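Since chain P is already given, all that's left is putting chain Z with the ligands on it; use the hints.
These protein sequence lines map, in sequence, to chains P and Z. Under numbering that gives the first Met the number 0, think of the first position of the first sequence as 0, with each following residue one higher. Under numbering that gives the first Met the number 0, think of the first position of the second sequence as 0, with each following residue one higher.
Simulated from the structure, these hints should not be mistaken for lab results. Keep in mind that the hints are not guaranteed to be accurate.
Estimated spans, in silico, between C-beta atoms of each pair [said to hold, decoys possible]:
hint: 1; chain 1: Z; residue 1: Glu-309; chain 2: P; residue 2: Lys-232; range: 52 to 60 Å
hint: 2; chain 1: P; residue 1: Glu-209; chain 2: Z; residue 2: Glu-209; range: 54 to 62 Å
hint: 3; chain 1: P; residue 1: Lys-183; chain 2: Z; residue 2: Arg-146; range: 23 to 31 Å
hint: 4; chain 1: P; residue 1: Gln-164; chain 2: Z; residue 2: Asp-205; range: 38 to 46 Å
hint: 5; chain 1: Z; residue 1: Asp-268; chain 2: P; residue 2: Lys-182; range: 46 to 54 Å
hint: 6; chain 1: Z; residue 1: Arg-180; chain 2: P; residue 2: Ser-63; range: 53 to 61 Å
None of these values were measured; they are calculated from a predicted model. Idealized CB from N, CA, C, for every residue including glycine.
Number of protein chains: 2
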Amino acid sequence: MYRIAVLPGDGIGPEVTAQATRVLAAAGRRFGYEFCFQEGLIGGIAYDATGQPLPQATLDLCRSSDAVLLGAVGGPKWDNLPVHLRPEAGALLPLRKALNVYANLRPAMVFPALAQASTLKPEVVEGLDIVVVRELTGGLYFGEKRREEIPGGQRVVETLVYTTQEIQRVARRAFELARKRKKKLTSVDKANVLESSRLWREVVTDMAREYPDVEVNHMLVDNCAMQLVRNPKQFDVLLTENLFGDILSDEAAQLTGSLGMLPSASLGDGVGLYEPVHGSAPDIAGRQLANPIAAVLSGALMLRHSFGLEEAAAAIERAVATVLEQGYRTADIMEPGKHQVTTTEMGRLIAELVERGELV
Amino acid sequence: MYRIAVLPGDGIGPEVTAQATRVLAAAGRRFGYEFCFQEGLIGGIAYDATGQPLPQATLDLCRSSDAVLLGAVGGPKWDNLPVHLRPEAGALLPLRKALNVYANLRPAMVFPALAQASTLKPEVVEGLDIVVVRELTGGLYFGEKRREEIPGGQRVVETLVYTTQEIQRVARRAFELARKRKKKLTSVDKANVLESSRLWREVVTDMAREYPDVEVNHMLVDNCAMQLVRNPKQFDVLLTENLFGDILSDEAAQLTGSLGMLPSASLGDGVGLYEPVHGSAPDIAGRQLANPIAAVLSGALMLRHSFGLEEAAAAIERAVATVLEQGYRTADIMEPGKHQVTTTEMGRLIAELVERGELV
Ligand SMILES: [Mg+2]
Ligand SMILES: [Mg+2]
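For reference, chain P alone in the conformation it holds in the complex:
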């Protein structure tokens, strides 16, 4: 039995996680696995109920589960709280820290049925399937910062720290992932300027010897930002430090043209955290307009990366592709000539395909 902590959160979070768990349950029935779902409070709704955006009970639940499925947090209602009580800064960051997830996996893939949603030409993005592996706990975002008065104004100093061990653990994730995919890894850095990037490149180069079956190349971050636009299909797995990954994973996501479709995984050595890339979209919450596919695909990533259930994960991904090919669309990706369905309907269609291999 796999214990899954479900944290629906705010906005459309509850709607989309409901469909994700429904699809996971269907996959369990199909392939003979038992999933046990336990809900916890997080975000604004948790603050309203308990005064804390990340209550201790939720943390305890997550730590004692095998994996965590998160919906989304935040909304205008909580934007003016002190930073440490706001849903993002007060819940998401502490949760990642508590779970010590240091590798953020951001797939960017284009389902054939949706290739025209991209601003790029269809032939450039059709069949795109890349994963950005971003280091999540080090670098500039977590360095010491200070601001001081100087004549004529102020001066800010921030620091960026990386250690061999921090680079090794995320690089290993990327190599293992590359080995299971197309055996092609692009490590991104700015080694012509940054000392941290030179250490990064050395560590990756060393580790490459353990993975002779994986083709490794190194690319400067500014060139990578260009290459993602020029020819994104040249990539399979991209490995980057925290700040570069923040920028490049969002750029890669936008290439697909369907942000509402993209899942993510945050992995450490223990419990993994899975969540859609999209936000809580309070403007459409509760109206059956949300696209549950990002949450559903986050569930598939959980099966693959936390539980090693590759067959079930692939079945969910195939079901999503099939439902889209058959012309079903939620409001955000609706086009003329397609069938618009609700959040719940979309979840039901995918779940059915996963469980029976066909639509009823």
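Frame of chain P; chain Z with the ligands shown alone:
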């Protein structure tokens, strides 16, 4: 009289600067300005002749000129020299430092005739005309760096420093530029995480009060990387710190699909430096295959930003657009049904249009 130092450099540098100066001379005749061109050595060719990639005589020439036009430097022949003798690290960086150019202007524009060269859909990029203003002398690239041994490996610490004054001087450039263009400035930062970005945002917000006619908005860098793909035409002038600008200016350049066409300007409070974005392309050097348009447009930027000759600058830009509309193409942008011309021919066509207003 305007004194222009011309540093052709390596690879295709001499071919393209020759056409740029030809076009500048034509603009001078048309509009009644006198330009005096004086050549200096830089890069690998300077190393071969003098043992230094940036000889003192070249530095003296640049400092005593009104502006500098650079071709390109570097090539495989010099790649294995010690870093301080290599063309890029030993010539370009010291030259920028010597001229104290702190604002790098990188226009990304799509000529209607070349819109299909982009990997983005024509309707997304047609008529694109944005400028990235990048801070060029501060931030992470120039901070102190150190590497130390720790148990189990090494640890690198780098520092990022920005002062109020460093931000003010580049921001002022961007505001002044925005005022002359569409009066729209997007300042890019990561103010939700970085203290330097919070200072950046404060300085820009303060300065905005002096420019009530300029519409200012602030955007996070990862969102900006997305928005450049989603809808690049929403932007006019983008202002960023050094590292973010390095990444975003290259991403923006790639949106155009025609890297061989893009000029740049590096400005301080004295002599400005103008150069094509493309490199020295040693593989095609000396074969009349190079596209001189980036160098020609760098000359137009010089007229605009160093000499304030807006009418002459605009005439050059219009001439380039016209020559392209008439179907003339260098090898790099050749398509079926167009007329392929040499580097020299392209320069002649543009110069003629600038001087006479028509092709002979
Ligand atoms: Mg991001
Ligand atoms: Mg760059």
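Now for the hints, and whether the structure bears them out:
Between Z:Glu-309 and P:Lys-232 the CB atoms are about 43 Å apart, so this pair departs from the stated range of 52 to 60 Å. For P:Glu-209 and Z:Glu-209, the Cβ-Cβ distance of about 57 Å falls inside the hinted range of 54 to 62 Å, so the restraint holds. For P:Lys-183 paired with Z:Arg-146, a C-beta distance near 30 Å keeps the hint of 23 to 31 Å intact. The hinted window of 38 to 46 Å between P:Gln-164 and Z:Asp-205 holds, with their beta carbons roughly 42 Å apart.
Between Z:Asp-268 and P:Lys-182 the C-beta distance comes to about 52 Å, which sits within the given range of 46 to 54 Å. Range check, Z:Arg-180 to P:Ser-63: Cβ separation about 58 Å, and the 53 to 61 Å hint holds.
Violated hints amount to a single one, hint 1; each of the other numbered hints is respected by the structure.
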